[in-house]
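Chemist: Residues per chain, in single letters:
Number of protein chains: 2
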Amino acid sequence: MIKEIPLKQANEPNVFLKEYESKFKALADEKRLQIMYELTQRGNTCVCDLTEIVDMPQSKLSYHLKILLDAGIITKETRGTWSYYEINQTEVSRILSEQLCCIFKPARNDGSDCC
Amino acid sequence: MIKEIPLKQANEPNVFLKEYESKFKALADEKRLQIMYELTQRGNTCVCDLTEIVDMPQSKLSYHLKILLDAGIITKETRGTWSYYEINQTEVSRILSEQLCCIFKPARNDGSDCC
DNA sequence: AGATTAAATCAAAAAAAATTGATTAAATGA
DNA sequence: TCATTTAATCAATTTTTTTTGATTTAATCT
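Those protein sequence lines, which keep their order, are chains E and Y.
Here the first sequence is numbered in our numbering, starting from 31 and rising by one per residue.
Here the second sequence is numbered in our numbering, starting from 31 and rising by one per residue.
Zero decoy hints are in this set.
You can't tell identical chains apart in this list, so a pair holds if it fits in one copy or across any two.
No more than 30 angstroms apart at the CA atoms, straight line, and that leaves these computed lysine-lysine pairs for DSS-like: (1) Lys90 with Lys106; (2) Lys90 with Lys48; (3) Lys90 with Lys135; (4) Lys96 with Lys106; (5) Lys106 with Lys135; (6) Lys90 with Lys61.
No lab work stands behind these hints, which were simulated from the structure alone.
My request is simple: use the sequences and hints to build the entire structure.
Modeler: So this is what it looks like as C-alpha cells:
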C-alpha cells in the first residue's frame, strides 16, 4: 500500500477534470463527430442545410448541436430565421492532438497538410 | 441548399468516427479521468492501491479500468494475484493536445515542462 | 393581420451506461 | 488441502443520455 503522493493533493485537480469530462462527453458520440466533420469541411453552415447533410430529423440535430455549443466546440450565429454553426478551431486545438487535425480541424490556408 | 461536397464522400470517414467515439467515451467520465491522472502521476500502479487512492469500491474500479483498457488508453500487466495498470502515453499523445500533457501525460524525463 | 418557414424546446419513451452487492476464478500461503 | 487474498464478472437496479413527435417562438413574406 505505497502512496508517495498524499491523497489530499491528488484530489485537487477534480475541478479541471469535471470541465474536461463535459468536453469529452460532447465528443463521445458518432453523430456529433460527424457534425463536427461536416462543419470542418464546409465551414459556416446553416442548420437547414445540415439536416440534409447529416440526414437527421430537425429536433435531433438541434439537440446534438446544443451539446456541442454548450461545450464550446462549435459557435452559433443567428441571421433572421436562420442559424449558422461553425467549428471552434481554437477550442478543438486546445483539446485534440495535431494528428486529429485532418478530421476535426479546418485545412490550413498556407496549403501545408498536417498529416 | 448548397452542397459543394457530395453526400457520399462526406459519409466516408464514418469508420474513423466510430473508432474515435469509443476513445472519447472512455475519456468522458470524471472518475476515469481521475484514474488516468493518478496513473500518470504514479506510474505503474497496483489495483489494490488504486482502490484506496481513488476511493472506489473494487468492482466499480474494475469496471472503469476495463473501459479505459478496451479503449487502449491504459495497459495492464498481471503478476501473480496482482494487476498493475499504467497509462498508455503513446495513445494519449495520439488523441490529446500538448496543452493537456500536464494532466494526462507523464512528465518528461529531460526535465522540461510542456505547460 | 394571417400564413409560412426555421429552429429551439418540451415531455414521454427507449436505449445506453453506471452502480451495487454477490459470486467466481485464480494465485498464494499456512 | 484448505483458507485467504486479489481482481474480474455477473445480474439487478438506478441513473443518464438519446430519440421521437408535437408544440412553441420568432422572423419573414404576402
